[in-house]
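Engineer: The residues making up each chain are set out below.
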Amino acid sequence: MRRLNSVWRGLLLLAVGGMIGYGIGLGLDLLVTGALNYSGSVASAFALLVSVTAFFFGIYGYRGITRGLVWQVVGTLLGGFFVTGIRALLGSDTIFGTFFFSEPAWVFGALTGVVTFMFGVGVVADWVKWARGIDTPEHHEDEPGGGKYLDVSLDHKVIGIQYTVTALVLIAIGGTFALIFRTELAASQLQFLTTTFKLFNQTGPQFYNTIMSLHGIIMIISILLGISGIMNYAVPFLVGAHDMAFPRLNAFAYWISVPASVLLLMSLVLGGFDTGWTGYPPLSARAPVGMQMFFLGVFTAGWSSILGSLNVIATVVRMRAKGMSAMRLPIFVWASVATSIIALTATQLIGLSFQLVMFQRLFGMGFFDAAKGGNPVLFQHLFWFYSHPAVYVFVLPGLGIISELLPVFVRKPLFGYRWVAMSSLGIALVGFTVWAHHMFTSGMNEYLRVPFMYSTLLVAVPTGVKFFSWVATIWGGKITTPTPMLFVLGAIIVFLLGGLTGPPNAAIALDLHLHDTYFIVGHFHDTIFGGFIFPFFAAIYFWFPKATGRRMNEFWGKVHFWLMTPSFFVLTLGMMVIGLRGMRRRIVDYDPALGFDFTHLLMTIAGFLIALSVLIFVINLFHSIRHGEKAEGNVWNSRSPEWQVPSPMPVHNYDVPFEVVGEPYDYGLADSKYVQFNGHQGEKHPVTAEGAQH
Amino acid sequence: MNHTQEKKSMLSQGIIIFIYLAVLTGLEFFIAVSFNSVPLLVVVALVKAGLVVYYYMHIYKLNLESEKDDKSYNYKAGTNRLGLWLFLVSDSFVFGGLMVMRVNLLGLSRPELNQLLGLGVTAVLLVSSFFMNRGETMIHNGDRRGFLNNTLITFILGLGFLLGVVLVEWRIAIHEGITPDSGVAGAAFFMMTGMHAFHVFTGLILLAIIWFNGRRGLYDARNYPVEAAAVYWHFVDVVWIFFYPALYLIGTAVR
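Chains as they are written, first to last, in my numbering: chain A, 52 to 745; chain B, 1104 to 1358.
Wrong hints could be hidden among the right ones.
As the list claims (entries may be wrong) - Cβ pair distances, simulated, as ranges: (1) B/S1175 - A/F170: 45 to 55 angstroms; (2) A/Y113 - B/T1107: 18 to 28 angstroms; (3) B/Y1176 - A/G197: 47 to 57 angstroms; (4) A/V702 - B/L1143: 22 to 32 angstroms; (5) B/L1167 - A/L413: 41 to 51 angstroms; (6) B/T1107 - A/D706: 28 to 38 angstroms; (7) A/M70 - B/H1278: 18 to 28 angstroms.
Said to hold, decoys possible - DSSO-like mimics (lysine-lysine), calculated; alpha carbons at most 27 angstroms apart, straight line: (8) B/K1171 - A/K724; (9) B/K1174 - A/K373; (10) B/K1171 - A/K373; (11) B/K1174 - A/K180.
I should point out that these hints are in silico values taken from the structure, not numbers from a laboratory. Cβ coordinates follow ideal geometry from the N, Cα and C atoms, glycine included.
Okay, chain A solo, but in the shape it has when bound:
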């Protein structure tokens, strides 16, 4: 009953906070511009900031995330006014801008906001103490109950769930944007995003551009958080560690993604941006202030990815259980390491490329400004050096999940363990050499095209190894199809479609025709759904009993699958068909004479059905936390160590350490054991006060 009350209180405060924020913004805007601008951005920005904060305040009180958000709002304002004050003192012409603060003030304010969020939420408190020479206990015990999920926790399982839930929230937001613009695209001509439409200082087509771009980037961030969620949750207990190598860094990496998400949403109300998620200059050098919020949001979220992957690598290298040699690691751990190698290194370059555009906008530095001798194509090189390997960051953990779960549900050993383990590393390494295939039409030097075509085609080799392994593993197995297995099988088929449509894009001659068409859009939605979304759902259905001690509802899980999969095929096959026939991507409208109206209508309906299926999933998820069927034992009859201990997982994972004595995937072989729990029964994993801090 108390829970219900707190949700109502949250919603009430959401409404009240929204109105108060709107009022503040309206007042400030009036003060500066001298006119009441009801649909202006400033009022909306304040309404957004204050209402989100008030919502969590109502549910949770002034702790954890709420304190962080309040500090972020205050920090943003302080930083903004600081720069505004300096500009006023220097006698600058533009003390205030279109969006209340001038652009430098917004950028500085947003940065201050991120920093103050981290202090407010309390995730840096221990580091500050260490810097002052004060010791802290290695672990802070979490309070029981749900409160720990909204506060700083150092437990990798809590952080994993925080990541996963944040990813789901972002998927919901990004999906909502997709539904809005898919509705507009359902028929040719402008229906509701018309030129007279006005929202957040944007006309309908501009608003379309903004939400189309935000759909891209928010989905990408949600994928990064989603894989971090599964890796954080599963990697430590798969390798037999009691936590990640650096628990505080882990918490930091999660929490920095929250202000990053807020920044991305702020870009929507601060004039938006119309570059797509790629942010190519010169267009991004002159888009509204929202562009800067987008850059800063991605930059901040990038730190989450970098620090998270650093942690994963250190954990796998240093914290494995006894006997867990490289060739006995679970495949998912191999995939996580491969993905982390890319995320650790390449992410810096998207951060750098975005910083360069930010500085170009702020200080007139001419990196990508041809008039000053700059080179816009340089941006594309720096950007794609991350952003192409990034897709392997997205899919490798998912492919690892497929290989991890498949043997459990076919009761057969994984075929070609070594090859599969190495194929992940292979994809990661080849992935570093393919970036310029995004630039065949960009006017880069022509002699670069052919090598990049071949390196791109080379990616199909290690990916093919995975497919052979999956098919051979399924061959002759005793297949059962509970919901996680359905999603694994769905992932294989969808990813196959995505994989087969890849090489045509890599071939230069075809790419010149396919570039920037819906064919590309269809291709990457296939790879991402097959490589991330399906395995992500499979992983949630699979490890849900481990996290909660209950199962998710099988019936609704199957409804989710059978609703989502066919709709998804309609959506992407539709995209590819009209793409081949010349439908340009990223545009708000298309010529009715092209005859794409019916396909677009079908795709829009399919999009709504996918949204419905995800809604069913979310309801199933939250309902099952309390009311699911009890499942405290080894529900899936898995050999993996985490299923040999009762669910939900104990706080420090294994009370008794285990030793690896066999191969991980020898399902169906008599007398084969993967792990053996030895040591004295009942001995608690000792938790020492001795910190890792010195």
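Once you have looked at the hints, place chain B on chain A.
Structural biologist: Just chain B, lined up with the frame of chain A:
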């Protein structure tokens, strides 16, 4: 070798390496002014960086067989060491990206800068690395006073470098007409020195932290933080080993 000798040899190793680095820096400058060969400058920079990475940053410590007890301080220090090096790998991609930017935009030209000042700040940073190594060696040997003095010298030299770049060098450059918005040469110069200066600044914060904590008596046996700050400081030096020839030495100067 007995203990005292070992202590002494570590200190003298630091001195020898510093002499190598100083000679190489002089050689670098000589190559640049006399026959300006880019491949030779790259080789010298790589040798310098290799010396710092091996002898000052002790990259071989990553390979140390640590104790089996994963609750021990040494085991955790080993994990932290790996984490720090992973971070440095990640960070070097930023600087690598800046280098790519510089080569792509400027090719074999460079901004016309004050050569004497450039050599001066480079020397200051190099000397600071030497004192950092001395300080770190001394706390390992249990010499707290020596550690504090050397860290303080490092801090002062580091601050000198930072102010030399940001207050003097930038001001001179702007006066000479090389501003952030004057063209790509200015943009590359300010971006690269600015990013490096930011890292120097964070390094100074770390130095201040270990100095204050060292004065309060921390780091007797548990002196990993000193090692971490030192490795980070040397990393900043390594970056400058590449940035200095890239900005001051190679190619011909343009305005």
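Engineer: The structure should be examined with respect to each hint, and the outcome stated for every one.
Structural biologist: Going through the hints against the structure:
1. Range check, B/S1175 to A/F170: about 32 angstroms between beta-carbon atoms, so the 45 to 55 angstroms window is missed.
2. Distance hint check for A/Y113 and B/T1107: the Cβ-Cβ separation is about 59 angstroms, which falls outside the suggested range of 18 to 28 angstroms.
3. Checking the proposed 47 to 57 angstroms range against B/Y1176 and A/G197 shows it is violated: the Cβ atoms sit about 36 angstroms from each other.
4. Between A/V702 and B/L1143 the beta carbons are some 59 angstroms apart, a value that contradicts the proposed interval 22 to 32 angstroms.
5. B/L1167 and A/L413 have their C-beta atoms about 45 angstroms apart, which keeps the hinted 41 to 51 angstroms range intact.
6. Between B/T1107 and A/D706, the C-beta spacing of about 48 angstroms breaks the proposed range 28 to 38 angstroms.
7. Separated by about 53 angstroms at the C-beta atoms, A/M70 and B/H1278 break the suggested range of 18 to 28 angstroms.
8. With a C-alpha separation of about 25 angstroms, the suggested pairing of B/K1171 with A/K724 holds against the 27 angstroms cut-off.
9. Note on B/K1174 and A/K373: the hinted pairing holds, with a Cα-Cα distance of about 14 angstroms set against a maximum of 27 angstroms.
10. Between the alpha carbons of B/K1171 and A/K373 the distance comes to roughly 10 angstroms, so the proposed pair stays at or under 27 angstroms and holds.
11. Proximity of B/K1174 to A/K180 is assessed by CA-CA distance (about 21 angstroms); at most 27 angstroms being required, the pair is judged to hold.
In the structure shown, a violation is registered for the earlier hints numbered 1, 2, 3, 4, 6 and 7, in ascending order.
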